[in-house]
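Novice: Respectively, the protein sequence lines represent chains B and E. Residue 385 in numbering that gives the first Met the number 0 sits at position 386 of the first sequence, and the numbers go up by one each step. Residue 423 in numbering that gives the first Met the number 0 sits at position 424 of the second sequence, and the numbers go up by one each step.
Please note that a few of the clues may not be correct.
[Said to hold, decoys possible] Over the 10 Å line for every Cβ pair with chain B, so calculated as not near, a few chain E residues:
no.	residue
1	A291
2	L297
3	V389
4	E432
[To be verified] What the simulated footprint calls covered on chain E by chain B, stretch by stretch (three residues with Cβ under 8 Å from a Cβ of chain B suffice, anywhere in the stretch; the number is not a length):
no.	segment
5	166-180
6	203-212
Read the hints as simulated data drawn from the structure, not as lab findings. For every residue, glycine included, the Cβ atom is placed at its ideal position computed from N, Cα and C.
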Amino acid sequence: MTDLTQSPAGTAPEPRKHGGSLLEQTPRTKRRNAAEKRFRGYGIAAIAAGLVMLVILVTTIVGKGTGAFQQTFVTLNVELLEAKLDKKGERNIEDIKKVTTFGYAPIIKGAMTAVVEELGIETGLKAKDLAGILSKDVAAQLRDYVIANPDQIGQTVEFRFLASSRVDGYLKGRVTRESIVNDKNISAEQLDLVDALAAAGVLEKTFNLDFIFGADASDARPEAAGIGVSMLGSLFMMFVVLALALPIGVAASIYLEEFAPRNWLTDLIEVNISNLAAVPSIVFGILGLAVFINYMHLPTSAPLVGGLVLTLMTLPTIIISTRASLKSVPPSIRDAALGVGASKMQAVFHHVLPLAAPGILTGTIIGLAQALGETAPLLLIGMVGFIASNAPETLADGLLAPNSAMPAQIYEWAKRADPAFYERAWGGIIILLLFLVTMNTLAVILRRRFERRW
Amino acid sequence: MPTFWLVALLLALSAAGYYGGRRRAIATAAGNVKDLHSLPSYYGYHVALAAFVPAIGALAIWLLAQPMFIETRVSGMIPAEAIPESSSIGLVMSDVRRVAEGLDLAVEQGLLTAREARNAIAGEQDLRALMGEVGVALGSKVRPEVLEAAQAYRNLSHTGRNAMTAVVALLALGGFAFAYARTHKDFRARNVVERAVLALLILAASLAILTTVGIVLSMLFETKNFFGLHSWTDFFFGSTWAPNFRGGSELSILPLLWGTLYISFIALLVAVPVGLFAAIYLSEYASGAVRAFAKPLLEILAGIPTIVYGLFALLTVGPALADLFGKGGLLGVEWMAGATSVLTAGLVMGIMLIPFVSSLSDDIINAVPQAMRDGSLGLGATKSETVRQVVMPAALPGIVGAVLLAASRAIGETMIVVMGAGAIAKFSANPLESMTTITTRIVSQLTGDTDFASPETLVAFALGLTLFVLTLGLNVLALYIVRKYREQYE
Chain B
0 MTDLTQSPAG
10 TAPEPRKHGG
20 SLLEQTPRTK
30 RRNAAEKRFR
40 GYGIAAIAAG
50 LVMLVILVTT
60 IVGKGTGAFQ
70 QTFVTLNVEL
80 LEAKLDKKGE
90 RNIEDIKKVT
100 TFGYAPIIKG
110 AMTAVVEELG
120 IETGLKAKDL
130 AGILSKDVAA
140 QLRDYVIANP
150 DQIGQTVEFR
160 FLASSRVDGY
170 LKGRVTRESI
180 VNDKNISAEQ
190 LDLVDALAAA
200 GVLEKTFNLD
210 FIFGADASDA
220 RPEAAGIGVS
230 MLGSLFMMFV
240 VLALALPIGV
250 AASIYLEEFA
260 PRNWLTDLIE
270 VNISNLAAVP
280 SIVFGILGLA
290 VFINYMHLPT
300 SAPLVGGLVL
310 TLMTLPTIII
320 STRASLKSVP
330 PSIRDAALGV
340 GASKMQAVFH
350 HVLPLAAPGI
360 LTGTIIGLAQ
370 ALGETAPLLL
380 IGMVGFIASN
390 APETLADGLL
400 APNSAMPAQI
410 YEWAKRADPA
420 FYERAWGGII
430 ILLLFLVTMN
440 TLAVILRRRF
450 ERRW
Chain E
0 MPTFWLVALL
10 LALSAAGYYG
20 GRRRAIATAA
30 GNVKDLHSLP
40 SYYGYHVALA
50 AFVPAIGALA
60 IWLLAQPMFI
70 ETRVSGMIPA
80 EAIPESSSIG
90 LVMSDVRRVA
100 EGLDLAVEQG
110 LLTAREARNA
120 IAGEQDLRAL
130 MGEVGVALGS
140 KVRPEVLEAA
150 QAYRNLSHTG
160 RNAMTAVVAL
170 LALGGFAFAY
180 ARTHKDFRAR
190 NVVERAVLAL
200 LILAASLAIL
210 TTVGIVLSML
220 FETKNFFGLH
230 SWTDFFFGST
240 WAPNFRGGSE
250 LSILPLLWGT
260 LYISFIALLV
270 AVPVGLFAAI
280 YLSEYASGAV
290 RAFAKPLLEI
300 LAGIPTIVYG
310 LFALLTVGPA
320 LADLFGKGGL
330 LGVEWMAGAT
340 SVLTAGLVMG
350 IMLIPFVSSL
360 SDDIINAVPQ
370 AMRDGSLGLG
380 ATKSETVRQV
390 VMPAALPGIV
400 GAVLLAASRA
410 IGETMIVVMG
420 AGAIAKFSAN
430 PLESMTTITT
440 RIVSQLTGDT
450 DFASPETLVA
460 FALGLTLFVL
470 TLGLNVLALY
480 IVRKYREQYE
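Take these sequences, add in the hints, and give me the full structure.
Specialist: Okay, structure coming up:
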């Protein structure tokens with residue numbers, strides 16, 4: 000205050016800043032208005048930047064991933080030669096099983112040569128190179144068919160075979176004639192043949208259900224890889240998470256919200272929950288590795304272990320949202336219940352909990368969606384690095400047999416050397432995001448439909 | 000799956016207990032429900048809980064403790080000289096477990112009778128071939144001491160399983176009988192049941208503490224082992240990260256910490272301005288319609304799993320940056336050797352953090368009292384001047400808290416850096432070089448075959464503990480600041 004009183008009294012008053020008409024802007028007002036406009040512009044630019052990122056992300060995913068849902072197939076009439084497949088002609092299943100996939104190669108070559116001759120395509124390729132445009136998976140597919148239907152030996156059967164990933168990439172534009180100059184897996188002549196076959200309708204690109212429901216395939220056969228088995232792995236994990244996190248989370252929230260006295264123990268629990276919500280997910284992976292696998296000797300790569308780790312990770316989310324929905328039930332409900340003679344426990348379980356149920360359900364679904372997309376802890380408990388090729392047959396197998404999970408499978412594909420797997424990875428992401436979008440939409444619908452405002 | 004059947008049996012018993020308890024209570028009241036102390040269902044719950052809870056608790060504890068007990072007993076049986084030069088007790092034990100498992104499987108599939116399995120002698124039969132037949136792959140021939148240990152292992156686990164079944168069944172039946180005998184019309188069933196339920200609720204809530212304790216203990220224990228094998232001065236103050244599985248590795252956290260902080264810094268450089276301005280625009284300028292449209296769309300970015308961002312960094316952003324700065328790139332400079340770099344990971348992580356910063360700041364800006372804005376506007380300040388000179392200073396502590404939370408997120412983020420940052424640990428200021436982070440190294444040291452006796456594996460736990468302490472510290476600090484700030488305006 001002393002500053003004011005001591006201000007020199009003798010100085011002349013400053014000249015007025017706002018001379019003239021109110022309608023005419025002084026330079027200073029102009030500057031201030033310009034600053035205002037700029038500031039507003041920054042805000043719009045920031046939001047636009049965020050939205051542009053979202054658009055780029057979504058278009059990248061859709062643009063690169065949709066290819067995975069289509070696959071190139073070759074339709075061939077294959078003569079299942081008895082001389083090659085069942086030399087004794089006794090249709091003894093053990094004898095037929097003795098023929099390895101190697102023994103099926105001549106049959107496939109024969110079928111390819113036949114179709115090329117039939118269509119009158121002129122090509123300088125040998126039979127081996129003709130068959131080279133087919134996937135390495137074809138022989139196994141043929142063998143499985145013959146073992147399942149031994150009576151078909153000697154007949155001519157129509158098959159739909161996977162084309163090799165290079166051919167598939169050529170039709171999708173991923174592989175070009177320039178890019179294959181040094182590629183020993185495919186030659187320009189083979190691409191000529193592919194063009195001719197495609198023109199004749201023998202080779203065509205169609206929707207590929209096997210990508211969604213099939214099993215993963217080895218490094219050499221990207222065209223046969225599917226996400227189905229790891230989807231089952233994720234499903235079993237979510238099952239474990241739901242079965243453990245929901246009851247435990249709800250019980251913990253009820254205690255903290257309705258019964259807990261204000262004391263150090265309650266404070267300790269609360270602090271722990273809020274900290275666990277912010278612990279990096281990889282730390283939960285370390286916990287899973289150290290406790291569940293190293294200490295308790297649960298099987299590595301098992302969805303049960305993944306489910307346990309994700310349960311611990313999801314619990315704080317579920318507890319926080321459950322507490323919020325318990326809190327939103329007005330105290331008058333509790334008072335009314337207590338007033339007519341209900342015990343505290345009855346008031347909570349018979350009245351408060353049912354009213355909070357929609358909110359709890361919404362929170363649980365969002366927690367599950369979070370767990371479904373989580374990858375880092377799964378890397379540590381060994382859900383990557385192998386080929387998830389066997390779908391579990393029983394419930395126990397589903398929980399305890401090694402499996403992958405959707406995000407872990409995507410990571411696995413992204414690590415592989417062949418760029419054909421990248422398309423699979425993007426495709427896998429589309430499926431993963433479809434699950435997440437469905438779950439979140441469900442949560443929003445539940446909230447809109449059942450949420451009650453008091 | 001005997002455990003499964005045991006649980007099913009317990010469930011059946013407790014269901015029977017419910018009906019039994021209920022009926023008995025009503026019977027003691029001679030069918031007059033009004034004479035009962037509690038509602039009939041409480042007598043049912045009482046018996047059901049008494050039959051189920053102690054038994055399932057014992058089952059869980061037994062399942063946790065038995066493997067450890069057997070492990071110590073059996074590993075004590077293996078003489079030190081029976082462990083081959085290149086091997087360790089852990090590897091021998093895993094052989095023992097596999098042989099035991101293989102024998103069990105062989106009995107199950109009828110290849111051996113139980114007696115044959117018990118009397119199996121190493122060398123006499125080709126056990127390795129037999130194991131192969133049931134799908135258990137063994138690296139070498141079964142040695143006699145391993146077989147002996149495996150037999151002991153099988154014996155102990157069979158005895159353990161039988162004892163477990165007996166104890167659990169006894170507890171369940173005992174609980175059932177005790178509760179059933181107690182059931183009488185004057186028995187205060189509701190009080191007892193409610194006390195039991197409350198105890199269960201407390202147990203569930205304590206799980207959070209248990210998890211934290213588990214995290215800290217598991218990492219502390221292995222970190223202690225690590226510092227027993229490797230000098231702590233090298234870990235904290237060394238300058239090189241060069242793990243070498245043949246020994247003599249240099250494992251210093253500093254280069255990793257540098258990479259982590261550098262990437263987080265770039266991420267915040269992207270996320271904080273964009274997120275903050277977005278929050279200011281949404282809370283101060285945007286109309287209701289724009290807000291309702293833009294806010295959820297921005298928050299979608301937060302709901303996308305990190306694996307998606309990782310793939311985006313690896314396959315889109317990285318190659319794009321390499322096209323720009325790399326060899327033969329558009330700018331004609333050769334600053335970037337590959338697609339992975341600090342900038343790649345930092346940019347993508349920044350995108351991920353935008354909604355995190357914006358929604359936290361949005362809440363905080365909205366919490367600034369309207370009266371302060373009105374006062375400033377009334378004095379003739381423009382909106383932007385109000386925001387810059389009144390709202391922002393008032394919201395600053397909260398925003399600092401939000402930024403700290405975002406930083407803790409960035410430091411603990413794994414998938415984006417694993418896929419986008421690279422694997423070379425070094426000190427460098429060039430954002431176009433690839434560097435590595437704490438989380439990346441944890442993943443690479445702990446995936447694949449891990450040997451829990453080598454410092455190269457155990458270092459991951461020391462790294463994990465450091466990461467835990469670091470993020471925890473940031474979170475506590477941020478929450479403290481935010482809470483302090485909230486109190487100011489409440």
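Novice: Each hint needs a verdict: does it hold in this structure or not?
Specialist: Structure-based check of all given hints:
The beta carbon of E:A291 is kept farther than 10 Å from every beta carbon of chain B, the shortest such distance being approximately 13 Å. At roughly 5 Å from the closest C-beta of chain B, the C-beta of E:L297 falls inside 10 Å, breaking its exclusion from the interface. Non-interface call for E:V389 relative to chain B: holds, since the shortest CB-CB distance, roughly 14 Å, exceeds 10 Å. Chain B leaves E:E432 outside its interface by the beta-carbon criterion, the shortest separation being 21 Å against a cut-off of 10 Å.
Counting residues of the segment 166-180 of chain E whose CB falls under 8 Å from any CB of chain B gives 0; the rule of at least 3 is not met. For the segment 203-212 of chain E, the assignment as covered by chain B holds, since 8 residues bring a beta-carbon within under 8 Å of that chain's beta-carbons and 3 suffice.
Hints 2 and 5 from the earlier list are contradicted by this structure; the remaining hints agree with it.
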